[in-house]
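Fit chain B to the given chain A structure using the hints.
Chains as they are written, first to last, in my numbering: chain A, 1 to 334; chain B, 1 to 260.
30 Å max Cα-Cα, derived BS3-like pairs, lysine-lysine: (1) B:Lys32 / A:Lys124; (2) B:Lys228 / A:Lys124; (3) B:Lys233 / A:Lys28; (4) B:Lys180 / A:Lys186; (5) A:Lys297 / A:Lys28; (6) A:Lys221 / A:Lys297.
Just a sample of chain B residues kept apart from chain A, beta carbon distances all over 12 Å, derived: (7) Glu47; (8) Ile52; (9) Glu92; (10) Pro159; (11) Thr198; (12) Lys201.
By construction, these hints were calculated from the structure, which means they are not laboratory data. Virtual Cβ for every residue (Gly too), placed ideally from N, Cα, C.
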Amino acid sequence: GSTLAFIEYNAKQNVLTPASRSCLQAAKKLNQPITALLLGSNSDKVAIKDTPNIVSKVLYNTDLKFDHQSPEYISPLICDILNKQNFTHFVIAANSVGKNILPRVAALLDLQPISDIVDIESDKQFVRPIYAGNILATVQSEQPKKLISIRTSAFPIDEEETQAKVDNAVSIPTQEYQFEIPSDIKSTQYVGSSTVQNEDGRPDLNSAKVIVSGGRGLKTKENFEKLIVPLADAFKKVPKYNGVAAAIGATRAVVDAGFVDNSLQIGQTGKVVAPDLYIACGISGAIQHLAGMKNSKVIVAINKEEDQPIEEIADFTLIGDVNDVLPELTEKLG
Amino acid sequence: MSANNKLRILVPIKRVIDHQLAPRISSSTSLKIPSYSINPFDDIALEESLRINEKNKGLVEEIKAISVGSIKCKDLLYKALAKGCHQAKLIETPVTSTILQPLSIAKILKKEVEKNNYNLVILGKQAIDDDNNNTGQMLAGLLNWPQICNASKVEIVDPVNGEIQVSREVDSGEEILKSKWPVVITADLRLNTPRYATLPKIMKAKKKKIEQEKLLETDDLNNDQSLKVLSYKEPPKRQPGIRVANVDELLSKLKEVKAI
Chain A
1 GSTLAFIEYN AKQNVLTPAS RSCLQAAKKL NQPITALLLG SNSDKVAIKD
51 TPNIVSKVLY NTDLKFDHQS PEYISPLICD ILNKQNFTHF VIAANSVGKN
101 ILPRVAALLD LQPISDIVDI ESDKQFVRPI YAGNILATVQ SEQPKKLISI
151 RTSAFPIDEE ETQAKVDNAV SIPTQEYQFE IPSDIKSTQY VGSSTVQNED
201 GRPDLNSAKV IVSGGRGLKT KENFEKLIVP LADAFKKVPK YNGVAAAIGA
251 TRAVVDAGFV DNSLQIGQTG KVVAPDLYIA CGISGAIQHL AGMKNSKVIV
301 AINKEEDQPI EEIADFTLIG DVNDVLPELT EKLG
Chain B
1 MSANNKLRIL VPIKRVIDHQ LAPRISSSTS LKIPSYSINP FDDIALEESL
51 RINEKNKGLV EEIKAISVGS IKCKDLLYKA LAKGCHQAKL IETPVTSTIL
101 QPLSIAKILK KEVEKNNYNL VILGKQAIDD DNNNTGQMLA GLLNWPQICN
151 ASKVEIVDPV NGEIQVSREV DSGEEILKSK WPVVITADLR LNTPRYATLP
201 KIMKAKKKKI EQEKLLETDD LNNDQSLKVL SYKEPPKRQP GIRVANVDEL
251 LSKLKEVKAI
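So that you can see chain A by itself, here it is in the shape it has in the complex (with noise of 0.2 Å):
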């Protein structure tokens, strides 16, 4: 068999995104060969730049229509790739980009996709959670081709392997894939988009190695804002992190209560994280933000309620009150 990635570069500085690294993570679990697939105006100088060395051979494709991952103009085209050059399986990362392409594709091809999956068994059995996390379903597919969208999280990144080296340029073919939208494609308008800003290299929560969520017992955007932002930076004094700072996350009610931007919500309908340290302020834990946070490595709880929810999940709980224990906690890390 052989594996086609789906491949997401950050046009600003033409490197991988972290999403797209733990899909080729994933993608080595396959065990075959890895062709990476590369779409937009900048994909051949990422080509050549920054294809890591797990790969064993690039495609890509400059034309405009696909600077704004629009599925109508990609679907046709990975179809076309899987269908003339017998890949057996299509990996992508089960990212906003990644669940609005794949079931396309698999609908174009007569397939059924393999959602959001958190282990790979074999080339055809595969173990993705369901109902919120609550249920890991193992699911064998029979199709001729594996068309599978891959849970970031729970493919952590190996630096060596998705990394590039300085002469991959010469040792890994890369290759223009020719190929022509066709004329009857009816695509939605992109009229523009609002990012949240990352201010100062916060990494993204999907790629963070710490992150500090904030909840209701925050009990005001200022307060979140003189709490939560300072022990996020905080991290950047620890040796460990390299001068990096912690992401920072927040509950659906904090969200809803516009503490912070809807893209940090970590939870069911949210982001779902699995940090090395994961640090749970105000939080008690609803259902639905375990679901998003459970498999984190460590986690912290600091709550001054006793007995909630999240404590039965946190390897760490300090009762205490916020307003005290975070001021302190981001006092001593330093």
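For chain B alone, coordinates are given in the frame of chain A:
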């Protein structure tokens, strides 16, 4: 407004586990579901269709709620009628059939769209049971329609030319897309807060007729055996943690486990 730009809206709704409850494993290949209700994201989709109708006088010709499943889905459909849907339809699946995969559901919906000329399909971004997040995108692909997933705001910007603008939630924030209809839209959590169906309205709705169609074993449901569930298991339980007395103890414990 030209007559051909009137909206004909189809809202697929799924009967799933009550979102406040968790399923139990009754054997390695079956689950026990304590109680059922409408998939919350489909409820949001349904609400949005009603709001489009209320905000744009004369634009919407028909809203139909449709469910594919057992006869018990009728309860959801009566509620949809009570809230203000014009039509409701049940496509009853054979009792012996396995759970239909999104591909089959998308094919069934495609037939319905083509038969009755719907030009807007709004449905939840995912069902909270199988958490696939597939059906809307698959239906859009089969119909060769544009798709807008994870909608957080929907506006009719040009009823004459049939144009809709949608904000959608993406990992990095928000993206705004425009589309002519026909289009498939999937609803995210913050699109709206669904209304309740009051009991008197439900009682009244129960006098309305729900269109019913039986899905035959021989119908084109090819792929439902191609993705088989081999087993269910519970995720590994976390080891019980400990309480720490103060910040200093917390820091020393975090150092012990090499988290800092």
